[in-house]
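Novice: Could you build the full structure based on these sequences and the hints that come with them?
Numbered by this note's numbering, the letters in the sequence shown go through residues 1 to 321 in order.
Keep in mind that the hints were calculated from the coordinates and are not lab data.
All values derive from a computational prediction rather than experimental measurement.
Glycine residues also receive a C-beta, built at the ideal position from the N, C-alpha and C atoms.
Honestly, I wouldn't trust all of these hints.
Said to hold, decoys possible - Restraint ranges, calculated between C-beta atoms of paired labels, are given here:
#: 1; residue 1: Val189; residue 2: Leu318; range: 22 to 28 Å
#: 2; residue 1: Glu130; residue 2: Lys292; range: 46 to 52 Å
#: 3; residue 1: Phe247; residue 2: Lys317; range: 25 to 31 Å
#: 4; residue 1: Lys317; residue 2: Ser291; range: 21 to 27 Å
#: 5; residue 1: Lys252; residue 2: Arg34; range: 37 to 43 Å
#: 6; residue 1: Ala158; residue 2: Glu305; range: 35 to 41 Å
To be verified - No farther apart than 25 Å at their CA atoms in a straight line, the calculated lysine to any residue pairs in the SDA-like style are these:
#: 7; residue 1: Lys9; residue 2: Ser61
#: 8; residue 1: Lys225; residue 2: Phe247
#: 9; residue 1: Lys9; residue 2: Lys174
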Amino acid sequence: MNFKEIQQKIMGDILPAVPVPVLENGEIHLESQRNYVKWMNEQPVNAVAIWAHTGRGLKLSKEQRAVVFNEWRNGLDDEKIILCGVGANIKDGIKDEDYIKEAVDMAYEAKDLGADLIMPYAPTLFRGREDQDEMILKYHKEIAKVGLPMVAFFLYEAAGGVNYSLDLLRELFKIENVIAIKMATLDSVMTYQNVSNMIKEENLDIALITGEDRMFGYTLMRGAKGALIGLSSIYTKLQKDMLNSYFIGDYKSFIEKSELVDNLAEHTFYAPMEGYIERVLYILAQKGIISKEAVNDPYGPGVKESERVRIDQFISKLGDM
Numbered sequence: 001m002n003f004k005e006i007q008q009k010i011m012g013d014i015l016p017a018v019p020v021p022v023l024e025n026g027e028i029h030l031e032s033q034r035n036y037v038k039w040m041n042e043q044p045v046n047a048v049a050i051w052a053h054t055g056r057g058l059k060l061s062k063e064q065r066a067v068v069f070n071e072w073r074n075g076l077d078d079e080k081i082i083l084c085g086v087g088a089n090i091k092d093g094i095k096d097e098d099y100i101k102e103a104v105d106m107a108y109e110a111k112d113l114g115a116d117l118i119m120p121y122a123p124t125l126f127r128g129r130e131d132q133d134e135m136i137l138k139y140h141k142e143i144a145k146v147g148l149p150m151v152a153f154f155l156y157e158a159a160g161g162v163n164y165s166l167d168l169l170r171e172l173f174k175i176e177n178v179i180a181i182k183m184a185t186l187d188s189v190m191t192y193q194n195v196s197n198m199i200k201e202e203n204l205d206i207a208l209i210t211g212e213d214r215m216f217g218y219t220l221m222r223g224a225k226g227a228l229i230g231l232s233s234i235y236t237k238l239q240k241d242m243l244n245s246y247f248i249g250d251y252k253s254f255i256e257k258s259e260l261v262d263n264l265a266e267h268t269f270y271a272p273m274e275g276y277i278e279r280v281l282y283i284l285a286q287k288g289i290i291s292k293e294a295v296n297d298p299y300g301p302g303v304k305e306s307e308r309v310r311i312d313q314f315i316s317k318l319g320d321m
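Specialist: Okay, structure coming up:
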């Protein structure tokens, strides 16, 4: 598929950012991984997003990333596409060129495996520097040379992202490979609104994709044409039905489902925010999709028993949606 066809495929759809079920030692629980892929393949979505933050893409080894990719590719229907997060880890003393090269290498890794599109992680190495915009633009242009369509990622700084100015975004949108932008600016509604208005008013050929787990319904009303969120790794059909309700103008159904989705987000995405990955794994296990042995996130704060009780009470009310 060409860039335009990929763009059309992700618009009006959800790209669940999926976690990786692992044992306490960080080893992938293959049976759970396969069961999860099988379950997700039955959900009404055209794509999945792997190696993103929810899937701890920058924490996995290259070998683990290959296992994750191949499990998804082999288990998904042929017409479904895969987005891979790509980026680099910040190490003491790392040079700019090495940081960019690591991200480019990961993009080639994704391409060689058969990824359909990529999403560069926010390049936090350049945050706050005088040459911030120049280096962010260079980072994306170098990754673009890999040749895959790209979803740019605007992540608020408190979550480990970088604030992009509207002028910088205009330059990023000139890169041919950039077909969409994922907006995750939870601490600034106005930032989301400003970018949405710019895309609309300047008639830019960019798909606005919401990354707002805690503002999902609202961001659809403010211009999002699709979603790429960790929340959609659970109760995927409920969220796709909500999205569809909005786009067909069934606003009564949209409001009803949006309230449920908001409540789901409030039971999974809260401080400490890094805990959300293990929380969604816990829900997957409670729903019988993965093994309870695979409910681990070696890089998160864990899930307290009081949280588990609260989650259990909520998903009991939700039932089999």
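Novice: Which of the listed hints are not met by the structure?
Specialist: Going through the list in order, the structure violates hints 6, 7 and respects the others.
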